[in-house]
Amino acid sequence: GAVVSQHPSWVICKSGTSVKIECRSLDFQATTMFWYRQFPKQSLMLMATSNEGSKATYEQGVEKDKFLINHASLTLSTLTVTSAHPEDSSFYICSARKGWEQYFGPGTRLTVT
Amino acid sequence: RKEVEQDPGPFNVPEGATVAFNCTYSNSASQSFFWYRQDCRKEPKLLMSVYSSGNEDGRFTAQLNRASQYISLLIRDSKLSDSATYLCAVSSNTGKLIFGQGTTLQVKP
Chain A
1 GAVVSQHPSW VICKSGTSVK IECRSLDFQA TTMFWYRQFP KQSLMLMATS
51 NEGSKATYEQ GVEKDKFLIN HASLTLSTLT VTSAHPEDSS FYICSARKGW
101 EQYFGPGTRL TVT
Chain E
114 RKEVEQDPGP FNVPEGATVA FNCTYSNSAS QSFFWYRQDC RKEPKLLMSV
164 YSSGNEDGRF TAQLNRASQY ISLLIRDSKL SDSATYLCAV SSNTGKLIFG
214 QGTTLQVKP
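So the sequences go chain by chain: A and E. Residue numbering for the first sequence follows this note's numbering, beginning at 1 and increasing consecutively. Residue numbering for the second sequence follows this note's numbering, beginning at 114 and increasing consecutively.
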């Protein structure tokens, strides 16, 4: 199997606060995890590659100081959206790499008011 | 030009129909190819990897044409439950997946 969990599944927060999202591979170890964002009716956009034990690699246009990624173990990566604003409201999805395939978590729906 | 392009559709087909989706990619160094299925407000689920020789899984057949840089997905005998968005994804040797915008399929009774 290849099961990936995310927590929380949805969150509503006030503008200016920070939100942490967890991504866990439950039945396998993942040295590499990925964080995506998806706006309504659009495709998944890769935000960053999370590597266990080293710094994340961010895609062009993604602010690393705003989207903090930590991959402290082989089964857990976290994404912290700092000083969230309404335009950060989106569906955040993580994936974990197993071999050449990626398996996705169920996503976290973030709403910033 | 987008790295991975798909016709967004929607494709509206009757039950039992055969439907085909194409996806083109621009990076000739791409190494791995996948089809994912995404239901509304859910995460993508891996449908099938696409191999150079083509591969079949039940009613689903995927093919890869490296020379023309496209992949295809054929669904035979469409079911109502096949209604979803189908995303093609392409990765290079870095393992990063680049997704197309998805093709929406609606199977009608």
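Quick caveat, the hints were computed from the structure, so don't treat them as lab data. Don't be surprised by glycine CBs; every beta carbon is placed ideally from N, CA and C. Be careful, since some hints might not be right.
Stated by the list, open to error - Result set (SDA-like, lysine to any residue): computed pairs, CA atoms no more than 25 Å apart in a straight line:
(1) 41/A - 75/A
(2) 158/E - 22/A
(3) 158/E - 131/E
(4) 20/A - 75/A
(5) 158/E - 2/A
(6) 41/A - 193/E
(7) 158/E - 18/A
(8) 41/A - 135/E
(9) 115/E - 45/A
(10) 41/A - 139/E
(11) 158/E - 66/A
As the list claims (entries may be wrong) - Label pairs and their calculated CB-CB ranges:
(12) 165/E - 8/A: 48 to 54 Å
(13) 86/A - 207/E: 43 to 49 Å
(14) 68/A - 120/E: 17 to 23 Å
(15) 181/E - 16/A: 46 to 52 Å
(16) 206/E - 83/A: 41 to 47 Å
(17) 190/E - 63/A: 44 to 50 Å
(18) 187/E - 42/A: 22 to 28 Å
(19) 17/A - 128/E: 31 to 37 Å
(20) 165/E - 39/A: 30 to 36 Å
(21) 128/E - 86/A: 37 to 43 Å
(22) 142/E - 27/A: 28 to 34 Å
To see whether the hints hold, each was checked on the structure:
Between the alpha carbons of residue 41/A and residue 75/A the distance comes to roughly 30 Å, so the proposed pair goes past 25 Å and is violated. Among the hinted pairs, residue 158/E with residue 22/A is consistent with the structure: their alpha-carbon atoms are about 19 Å apart, no more than 25 Å. Proximity of residue 158/E to residue 131/E is assessed by CA-CA distance (about 21 Å); at most 25 Å being required, the pair is judged to hold. Proposed proximity of residue 20/A and residue 75/A is supported: the alpha carbons are some 16 Å apart, at most 25 Å.
For a cut-off of 25 Å, the pair hint linking residue 158/E to residue 2/A stands: about 11 Å separates their Cα positions. About 21 Å separates the Cα atoms of residue 41/A and residue 193/E, which keeps this hinted pair within 25 Å; it holds. A C-alpha spacing of about 29 Å is found between residue 158/E and residue 18/A, which places the hinted pair above 25 Å, so the restraint is violated. Under the criterion of a C-alpha separation no larger than 25 Å, the hint pairing residue 41/A with residue 135/E is consistent with the structure, at around 19 Å.
The hinted pair formed by residue 115/E and residue 45/A meets the criterion: a straight-line CA distance of about 12 Å does not exceed 25 Å. As the CA atoms of residue 41/A and residue 139/E are separated by approximately 23 Å, the hinted pair is consistent with the 25 Å bound. Our distance criterion of 25 Å between C-alpha atoms is broken by residue 158/E and residue 66/A, whose separation comes to about 28 Å. Distance hint for residue 165/E and residue 8/A: a CB-CB separation of about 41 Å, inconsistent with the stated range 48 to 54 Å.
Against the hinted window of 43 to 49 Å, the Cβ-Cβ separation of residue 86/A and residue 207/E comes to about 33 Å, which falls outside the hint. Distance hint check: the CB atoms of residue 68/A and residue 120/E are about 37 Å apart, inconsistent with the given range 17 to 23 Å. Between residue 181/E and residue 16/A the beta carbon distance is about 50 Å. The supplied range of 46 to 52 Å therefore holds. A hinted range of 41 to 47 Å is violated for the C-beta pair residue 206/E and residue 83/A, which are about 36 Å apart.
For the pair residue 190/E and residue 63/A, the beta carbons lie near 47 Å from each other, so the given range of 44 to 50 Å is met. For the pair residue 187/E and residue 42/A, the beta carbons lie near 26 Å from each other, so the given range of 22 to 28 Å is met. Restraint check, residue 17/A to residue 128/E: a C-beta distance of roughly 48 Å breaks the suggested window 31 to 37 Å. Judged by the Cβ atoms, the range 30 to 36 Å given for residue 165/E and residue 39/A holds: they are separated by roughly 34 Å.
For residue 128/E and residue 86/A, the Cβ-Cβ distance of about 42 Å falls inside the hinted range of 37 to 43 Å, so the restraint holds. Distance hint check for residue 142/E and residue 27/A: the Cβ-Cβ separation is about 32 Å, which falls inside the suggested range of 28 to 34 Å.
Violated hints for the displayed structure, listed by number in ascending order: 1, 7, 11, 12, 13, 14, 16 and 19.
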